[in-house]
Amino acid sequence: MPDITREEVAHLADLARIDLSDAELDHLAPQLAVILDSVKSINEVAADDVPPTSHALPLTNVFRADVVRPGLTAEEALAGAPEVEQQRFSVPRILGEEA
Amino acid sequence: MSTSTTTRLMSFDEALEKFDPVMGLEVHVELNTASKMFCGCPTEFGAEPNTQVCPVCLGLPGAMPVVNEKAVESAMRIGLALNCQIAEWCRFARKNYFYPDMPKNFQTSQYDEPIAFDGWTEVEVDGETFRVDIERAHMEEDTGKSLHVGTSGRIHGADYSLVDYNRAGIPLIEIVTKPIVGTGAKAPLVAKAYVAQLRELLLGLGVSDVRMEQGSLRCDVNLSLRPVGQEAFGTRTETKNVNSLRSVERSVRYEIGRQGALLEDGGTVVQETRHWHEDTGVTTSGREKSDAEDYRYFPEPDLVPIAPSREWVEELRGSLPEPPREHRARLQAEWGFSDLEMRDTVGAGALLLVEQTIAAGASPAAARKWWLSDMARRANEQGVDLADLPVTPADVARVQALVDEGKINDKLARQVFDGVLAGEGTPDEVVAARGLAVVSDEGALSAAVDRAIEANPDVADKIRDGKVAAAGALIGAVMKEMRGQADAGRVRELIIEKLS
Numbered sequence: 001m002p003d004i005t006r007e008e009v010a011h012l013a014d015l016a017r018i019d020l021s022d023a024e025l026d027h028l029a030p031q032l033a034v035i036l037d038s039v040k041s042i043n044e045v046a047a048d049d050v051p052p053t054s055h056a057l058p059l060t061n062v063f064r065a066d067v068v069r070p071g072l073t074a075e076e077a078l079a080g081a082p083e084v085e086q087q088r089f090s091v092p093r094i095l096g097e098e099a
Numbered sequence: 001m002s003t004s005t006t007t008r009l010m011s012f013d014e015a016l017e018k019f020d021p022v023m024g025l026e027v028h029v030e031l032n033t034a035s036k037m038f039c040g041c042p043t044e045f046g047a048e049p050n051t052q053v054c055p056v057c058l059g060l061p062g063a064m065p066v067v068n069e070k071a072v073e074s075a076m077r078i079g080l081a082l083n084c085q086i087a088e089w090c091r092f093a094r095k096n097y098f099y100p101d102m103p104k105n106f107q108t109s110q111y112d113e114p115i116a117f118d119g120w121t122e123v124e125v126d127g128e129t130f131r132v133d134i135e136r137a138h139m140e141e142d143t144g145k146s147l148h149v150g151t152s153g154r155i156h157g158a159d160y161s162l163v164d165y166n167r168a169g170i171p172l173i174e175i176v177t178k179p180i181v182g183t184g185a186k187a188p189l190v191a192k193a194y195v196a197q198l199r200e201l202l203l204g205l206g207v208s209d210v211r212m213e214q215g216s217l218r219c220d221v222n223l224s225l226r227p228v229g230q231e232a233f234g235t236r237t238e239t240k241n242v243n244s245l246r247s248v249e250r251s252v253r254y255e256i257g258r259q260g261a262l263l264e265d266g267g268t269v270v271q272e273t274r275h276w277h278e279d280t281g282v283t284t285s286g287r288e289k290s291d292a293e294d295y296r297y298f299p300e301p302d303l304v305p306i307a308p309s310r311e312w313v314e315e316l317r318g319s320l321p322e323p324p325r326e327h328r329a330r331l332q333a334e335w336g337f338s339d340l341e342m343r344d345t346v347g348a349g350a351l352l353l354v355e356q357t358i359a360a361g362a363s364p365a366a367a368r369k370w371w372l373s374d375m376a377r378r379a380n381e382q383g384v385d386l387a388d389l390p391v392t393p394a395d396v397a398r399v400q401a402l403v404d405e406g407k408i409n410d411k412l413a414r415q416v417f418d419g420v421l422a423g424e425g426t427p428d429e430v431v432a433a434r435g436l437a438v439v440s441d442e443g444a445l446s447a448a449v450d451r452a453i454e455a456n457p458d459v460a461d462k463i464r465d466g467k468v469a470a471a472g473a474l475i476g477a478v479m480k481e482m483r484g485q486a487d488a489g490r491v492r493e494l495i496i497e498k499l500s
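Residue numbers (UniProt numbering), protein chains in the order written: chain A, 1 to 99; chain B, 1 to 500.
Isolated chain A, as found in the complex (with noise of 0.2 angstroms):
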């Protein structure tokens, strides 16, 4: 039994919005289940004097002050835009969802 199934791929793609065809999912979803199981391999190295870390670095606190810094322009904002209207980013309508 993978970690993984292939239902469970299904779901990521559409949280992920990709659409996956049937053939796609067969030969992705092994390939999910042996990445997730090589990863597996650093709970066996991680001892229990090992607390979970998502920082690399003992820091805390690392503040800016609430000071306005200059930011980009519209123009420079929209450069890479693949498509502007009324100096706003055009976007494909999305689906079965509604903001």
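Hints listed in this document are in silico derivations from the structure and should not be mistaken for laboratory results.
Quick caveat, the model's predicted, so the values are computed rather than measured.
Fair warning: there could be bad hints in the mix.
[Said to hold, decoys possible] Listed next, the in silico DSSO-like pairs over lysine-lysine satisfying Cα-Cα at most 30 angstroms (straight line):
| no. | chain 1 | residue 1 | chain 2 | residue 2 |
| --- | --- | --- | --- | --- |
| 1 | A | Lys40 | B | Lys95 |
| 2 | B | Lys240 | B | Lys70 |
| 3 | B | Lys70 | B | Lys18 |
| 4 | B | Lys18 | B | Lys186 |
| 5 | B | Lys145 | B | Lys240 |
| 6 | A | Lys40 | B | Lys104 |
Mind docking chain B on chain A? Use the hints.
Frame of chain A, contents of chain B only:
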């Protein structure tokens, strides 16, 4: 008020006889920091689209966020004001979802380590106190604004969407209550009172503009029904877009009626997001609620943990304004309001407005009079919250000052408000433009009084005989002749003078 053709509603009273409502309120507050949560972009409302953006809030590759210290401080102050514990150590988390309003494809939020948790507050409805327990208050960032282009204006039927990222990354605090039980028929009013009080509290803290109509305070209402006497909660719905105090009350009432009818008819409530429609006063089905695991939360690797020192927390606690209950008690004593007057003021959502009107120079009685009678009626007619009327406390104080100076009377004052609300300018501008000043020409007034006495000899005799109350008829006649533009008090004085 129209309802959709297929939705049966149970009357509110019947629903409350059979079912016990359980509520959960989620309030999102935009902080009023100068810059965004994780970058230095400005946060001004109403700027031209995509002019307050940078690589961080646009999610460009390689951009690194840095936390705004003031936002963390505001979050902790909100938590403390809600009697919460402040985390000794907490992290941000990525909430992953693919929707164009977040260009990063995740929202930086907090998941199982909120900065503030386990608090409470008390709200009062009709003299009864209800305790609302606070589950958590956590930090996150706002999303961009989408404009759906198409025939219907809503996303279904839209051809494409246009996105403005000025709002993306503005600091947001989400305040979540624990299930609120035991409110029964008062549920809609408790919900409204809670949000109104939160607004008051946030304004007192100075951490947000709390303008519901501008979206700087937004409310999601979770509601479920359980048969009276049953312990287990029913299935809940989450109503989004509830963006006025009035709507908070109405949406709770609507969902109670809708779920009541559904359960009575043997149906089941679907756990889903529902959309509130301000215009029709109904909720409609949205998407089925995603499971938390679908968001695949994980600790944000680009931001280090936050570990507020206890000294910092105590310093912030020491700087808190007085709690709402004490604040109200002090105001009531200062203003000389009766319990009932105070209750009505709070219930109408007018406490802040009255407070600000008094601060702008009006007497407490005058401030209460204008907001609770005239303005409340107008807000009701227009179906908006008092605070959303386009008239400011300063305007109300100015109109009252004009009355006190004898430049206008109450009747003209209402016309001044008509003008202010119609966008004709400040009270003084409306008075000038509409020519609303009372006639202060003593000669003209005196002549009008003489004519009224002559035309009503019977009434004049009564007044001569000491029946001063009869003067009302003559005052009415004079006011009519002057088309309302006279100081009624001065007219009365003239009548008494002439007839004694």
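Status of the hints after comparison with the structure:
Taking the CA atoms of Lys40(A) and Lys95(B), the gap is about 23 angstroms. The hint holds against a cut of 30 angstroms. For the suggested pair Lys240(B) and Lys70(B), the alpha carbons sit about 28 angstroms apart, so the restraint of at most 30 angstroms is met. For the suggested pair Lys70(B) and Lys18(B), the alpha carbons sit about 48 angstroms apart, so the restraint of at most 30 angstroms is broken. Of the supplied pair hints, the one linking Lys18(B) and Lys186(B) holds, its CA atoms being roughly 15 angstroms apart against a limit of 30 angstroms.
Using a Cα cut-off of 30 angstroms, the hinted pair Lys145(B) and Lys240(B) holds, with the two alpha carbons roughly 16 angstroms apart. For the suggested pair Lys40(A) and Lys104(B), the alpha carbons sit about 27 angstroms apart, so the restraint of at most 30 angstroms is met.
Hint compliance for this structure: hint 3 is the single one not met.
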